[in-house]
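**Q** Please take these sequences and the hints and turn them into a complete structure.
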Amino acid sequence: MSGPNKQYDPVEVAALDPAEVEQAVADARQAIAAAGTLDELKAARLAHQGEKSPLALANREIGALPPSAKAEAGKRVGQARGQVSQALAARQAELEADRDRRILVEETVDLTVRVPRRPLGARHPISLVSERVEDIFVSMGWEIAEGPEVESEWLTFDALNIPADHPARQEQDTFFVEPAGSGLVLRTHTSPVQVRTMLDREPPIYVLCPGKVFRTDDLDATHTPVFHQFEGLVVDEGITMAHLKGTLDAFVQRLFGEGIVTRLRPNYFPFTEPSAEIDCRCWICGGSGSLDGEKCRTCGGTGWIELGGSGMVNQRVLRAAGVDTDRYTGFAFGLGIERSLMLRHNVGDMHDIVEGDVRFSQQFGMEI
Amino acid sequence: MHAPVSWLRELADVPADATGEDIAAALVRVGLEEEGLHGGDISGPLVVGRVLSVEPEPQKNGKTINWCTVDVGEHGQRLTEGKPQEIVCGAHNFGVGDLVVCVLPGGVLPGGFQISARKTYGHVSNGMICSQAELGLGDDHSGIIVLTELLGADAAADLKPGDDAIALLDLADEVVEVNVTPDRGYCFSLRGIAREYALSTGAAFHDPAEAPDLVVPQANDHGYAVHLTDDAPLGGRAGCDRYVARVVRGVDVTAASPAWMRKRLTQVGMRPISLAVDVTNYVMMLLGQPLHAFDLDTLSGSVGTRRARAGEKLTTLDDVERLLDPEDLLIVDGADTPLAIAGVMGGATSEVTGTTTNVLIEAAHFDPITVARSSRRHRLTTEASKRFERGVDHAVTAAAAQLAVDLLVGHGGGTADEGVTDVDLRVAAEPFEFDTTLPTRYIGLDYPRAEVLTTLRAIGCEVVEPAGDGAGDTHVAVLPPSWRPDLTDGPELVEEVARVRGYDQIPSVLPQPKAAGRGLTHGQRIRRVVATTLAHQGLVEVLSYPFVAPSLFDRLALPADDERRAAVRLVNPLSDEAPLMRTSVLDTLLDTLRRNVARGSRDVAVYEIGLVTRASSARTSAPVPGIEARPDDATLAAILGAVPAQPRHAAYAAAGELERGGPWGPGRQAEAADAVAWALAVGRSVGLELVVSATDRAPWHPGRCAQLALADGTVVGHAGELHPKVTSALELPPRTVAGELDVDVLVAATGVPLDARALSTYPLAHTDVALVVDEQVAAGDVESALRAGAGESLESVVLFDVYRGEQVGEGRKSLAYRLTFRAADRTLTTDEVSALRDRAVAEAATRTGASQR
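Sequence lines, in order, name chains V and S. For the record, in the first sequence the residue sitting at position 271 is 271 according to this note's numbering, with numbers rising by one throughout. For the record, in the second sequence the residue sitting at position 42 is 42 according to this note's numbering, with numbers rising by one throughout.
One should not assume that every hint holds.
[As the list claims (entries may be wrong)] Over 12 Å on every C-beta distance to chain S, these chain V residues come out as not near it, computed from the model: (1) Glu20; (2) Ala26; (3) Asp27; (4) Ala31; (5) Leu38; (6) Ala56; (7) Leu65; (8) Pro66; (9) Ala69; (10) Arg76; (11) Val105; (12) Glu237; (13) Trp283; (14) Cys285.
[Claimed, not checked] Sample of chain V residues facing chain S (criterion: CB under 8 Å; computed from the structure): (15) Arg117; (16) Glu143; (17) Val177; (18) Leu184; (19) Asp249; (20) Asn314; (21) Gln315; (22) Glu355; (23) Gln362.
I should point out that these hints are in silico values taken from the structure, not numbers from a laboratory. Given the structure is predicted, the values throughout are model-derived calculations rather than measurements. Backbone N, C-alpha and C define an ideal beta-carbon position, used for all residues, glycine too.
**A** Structure below.
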């Protein structure tokens with residue numbers, strides 16, 4: 001094929017011979033099909049679509065044709081170039097898809113290797129249970145009240161109708177703060193927070209008092225000298241023991257599951273009168289006391305689980321806090337957070353809760 | 001309290017088919033807590049046997065066993081082999097012809113002991129000849145039961161071999177054990193338990209204090225002399241307001257207590273000892289009235305009461321010499337010599353012994369508080385003190401003494417003196433007014449007036465209704481019974497009304513607060529965010545006991561005058577080693593970290609949020625006023641003011657790798673910067689940008705400790721690497737890092753809604769500067785200066801390189817920063833950015849001596 005020729009004789013222009021154009025397309029198709037890689041395809045593109053390719057030269061020569069031949073030749077060359085472009089694009093797509101497939105396979109990583117490079121932390125389940133309990137009561141329109149752990153003796157005992165000679169006030173139960181006679185103790189329950197609340201404001205009062213409390217017990221599988229409680233207090237007009245029962249029923253259903261009910265049994269606590277022990281239907285055996293023919297271990301076969309103490313706030317306690325007992329009545333209850341945790345999550349040994357072993361918290365994550 | 005069912009049946013009409021379980025359920029319904037059900041766990045064949053032969057066979061181990069044959073009637077080997085029962089027995093207190101009790105193979109003894117024929121000492125022993133202990137009749141292991149001795153010759157006369165011994169000895173009897181709450185002292189007696197059973201079931205109650213055969217004589221003036229004095233009554237109540245004294249002479253105290261009494265005492269958990277002791281215990285268990293028996297011949301002619309004198313001593317029955325307190329009430333001989341701590345324990349000198357023949361019985365009513373205090377003071381809880389401090393029925397005193405007299409006479413062969421002393425100083429109780437609508441108002445269940453009055457009368461109250469037609473008057477006058485000192489006001493009677501109908505009848509009604517709640521407080525929300533943020537940084541929340549040793553502050557290298565040494569001390573700590581309350585959370589958290597490392601967690605990061613206590617310098621004690629009304633404002637302020645400050649802190653500590661090594665490369669150890677970063681993260685999580693500055697504070701490394709503060713300079717806390725001496729003293733891994741933040745400061749600094757900044761969408765402009773400063777200049781200070789100098793258009797400053805070397809000179813470093821600018825209202829020009837950068841550099845030069853490289 002000759003080079004550019006501006007002064008050619010149209011008769012001698014051979015490149016526009018239909019057979020040659022056809023041959024050029026066939027050559028191009030063959031080279032494109034033979035290209036096994038994107039690089040080979042690039043070379044084929046240069047040879048058959050580049051500036052010096054036969055079809056490009058042929059295209060340039062159209063201008064030299066007589067007007068009568070231009071249209072036909074233009075159409076013929078244009079179609080040929082279109083076919084080559086199409087073939088190139090198709091092959092390009094094929095080869096790119098091949099390459100992508102290969103790379104993705106090569107980049108495969110074994111994601112089943114479970115390695116926490118930056119392990120996530122965890123909350124302590126006692127905190128999580130406590131927050132869950134708080135949320136349950138907040139959702140019922142209550143508020144959360146807190147107070148100090150080193151507390152005055154008057155708020156911890158006297159104001160709760162626990163007189164000086166009551167067994168609970170003796171050294172076998174209570175940590176006293178030096179010097180003897182300081183009037184300070186480590187609170188043995190969160191009830192002083194209830195008294196603080198009543199001293200602080202007028203009824204209606206609907207508060208939950210969670211927190212850390214202290215008793216001079218030794219640590220064993222079910223006891224710990226430092227533990228957590230939540231106590232509830234309601235003081236309002238027309239409050240009855242039926243309201244206490246309703247509140248406890250609603251609470252246990254939200255913490256332990258639908259269908260769980262409570263049972264009240266007469267008991268004695270100085271700060272309430274009448275007083276009641278709270279039992280809750282065993283959710284493991286459903287209250288039957290037996291499981292697969294064996295005695296249910298969670299409730300000891302009784303069908304009921306002891307949860308804590310409760311009752312109508314003793315009038316003496318209301319008076320000490322300046323509440324008008326003719327106008328208001330109230331109820332109070334107290335439950336253990338450790339016990340709730342042990343029951344709800346089948347924790348067998350108190351040591352696991354109190355010793356600060358990270359493995360205990362890590363089981364639970366951030367929600368419980 | 002243990003209640004044998006057979007005993008209970010004597011005091012209440014328990015249906016014949018009622019089981020121990022039924023009785024327990026009835027008692028639980030009215031508020032007694034079931035503790036257990038005992039006894040009844042024995043099964044036969046357990047039969048009467050007559051010993052036919054006894055062949056002693058000495059053994060190599062020095063013991064001599066008896067190879068016996070026993071006629072057990074138509075049982076055992078007689079049926080299977082046609083010969084008498086062959087049994088090996090280790091006891092020697094019996095002989096041929098004695099009637100004994102034999103358990104044969106197939107029988108089960110208390111405690112689940114299965115009996116079978118077994119080879120022992122060269123023979124096959126076909127069962128056992130039983131002792132009292134083996135049958136649960138007492139704790140006498142010394143020998144086997146000889147029925148003529150146990151039951152008496154007359155009772156044993158009709159027995160024949162093969163008779164059922166379970167029925168004979170009433171071994172199928174069950175014992176119900178209940179827990180007695182402090183307000184129900186009367187239930188520390190069969191009399192009280194029977195009353196509750198009757199109340200619960202409606203069964204008839206037969207008061208043993210009013211039994212037809214118990215004839216209580218009138219007191220007279222020729223009884224034993226008793227003089228009650230009390231010159232220091234507690235709370236105005238006499239230490240003793242009733243004292244009955246009775247004398248029984250010529251008692252054979254060596255006579256055995258009757259078998260039925262020994263059995264009952266054993267069933268209720270008491271050890272039979274001697275006739276005099278057993279009788280006093282038996283009467284106490286039946287009636288709830290503690291008694292004391294004195295050897296009359298050791299006394300000088302009269303007894304009385306008085307308070308102890310300071311320094312006085314008394315050796316009590318447990319052979320302990322006790323230093324008495326002026327609050328202790330004493331029983332004294334004559335006018336002076338101490339005999340006993342009233343209501344708690346007797347003294348050794350007047351104890352009934354094996355040679356006693358004449359006995360003085362004391363039945364008295366002592367002040368509960370006096371007894372409670374003496375009992376605690378001397379750490380001496382006795383069956384008597386337990387009852388007196390909960391309140392004993394002051395009307396049963398004389399009957400109890402009479403029953404004891406009758407039993408001593410009946411079983412010890414004595415004669416009762418005709419003289420009967422009953423010093424009665426009781427103040428008549430006054431009825432109080434009770435509103436019969438109170439139960440309905442308190443319980444939320446309708447209790448008709450008739451039901452209320454019936455219940456009150458059923459529990460023993462005298463109820464007086466108002467005279468006239470009483471229309472519209474809901475009040476009645478109530479006088480509680482003598483055995484219920486706990487009933488003093490309306491709500492206490494409400495509980496009685498409610499428990500008799502049953503607590504299970506109380507409906508379940510959810511109260512609706514009239515005003516909507518306010519949700520969590522700001523402080524509570526902030527605390528949750530702080531806790532969650534630390535967990536998201538990879539730290540694990542733990543809890544620790546807040547008790548520490550005084551030496552800890554030395555190990556933490558706190559300076560002598562450090563405020564964190566001002567710890568609150570406990571009078572009675574759990575351990576004498578750790579009597580102080582922590583003043584920082586790290587005090588106890590670091591030991592938790594150590595424990596985790598010791599348990600094999602090499603890479604561990606923990607945190608705790610809790611209160612710390614700082615003893616206030618002004619040591620005022622908190623007043624303890626009465627509770628009749630709200631304390632006056634000054635007293636209340638003094639109570640609240642005496643409570644030491646207890647801020648809430650968050651502390652954390654980490655050791656080992658924070659980022660784990662693995663196939664991807666090496667891990668990264670926790671370093672001081674991480675401890676600072678966590679503090680900053682906590683600040684950021686609540687919208688605060690904490691200011692970091694270098695400081696030197698124990699227990700941190702002096703060169704690796706940062707102070708975290710609010711913009712106004714208020715210190716939030718500290719973080720960094722612990723001092724090497726501290727990690728060594730606390731046995732922590734080297735390079736342990738830690739921080740402690742005051743959460744209350746964060747709470748106080750937040751809560752005002754933040755004003756959002758408008759976001760500029762104009763392009764960013766970056767420019768880098770390298771500043772050479774002295775080695776000791778803190779990068780944080782340079783950064784602060786750059787920020788101050790660059791002005792409002794500065795968006796960020798990032799330190800991206802630190803270079804030390806020849807080019808900057810000895811003791812100097814080059815800090816490379818990238819400054820990013822963006823104006824709120826336009827695209828900054830290159831010249832503007834250069835000018836801003838120059839101002840930033842100039843400020844850094846002024847504040848830190850930095851020079852641009």
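**Q** Please list, smallest to largest, the hint numbers that this structure does not respect.
**A** Violated hint: only 12; rest satisfied.
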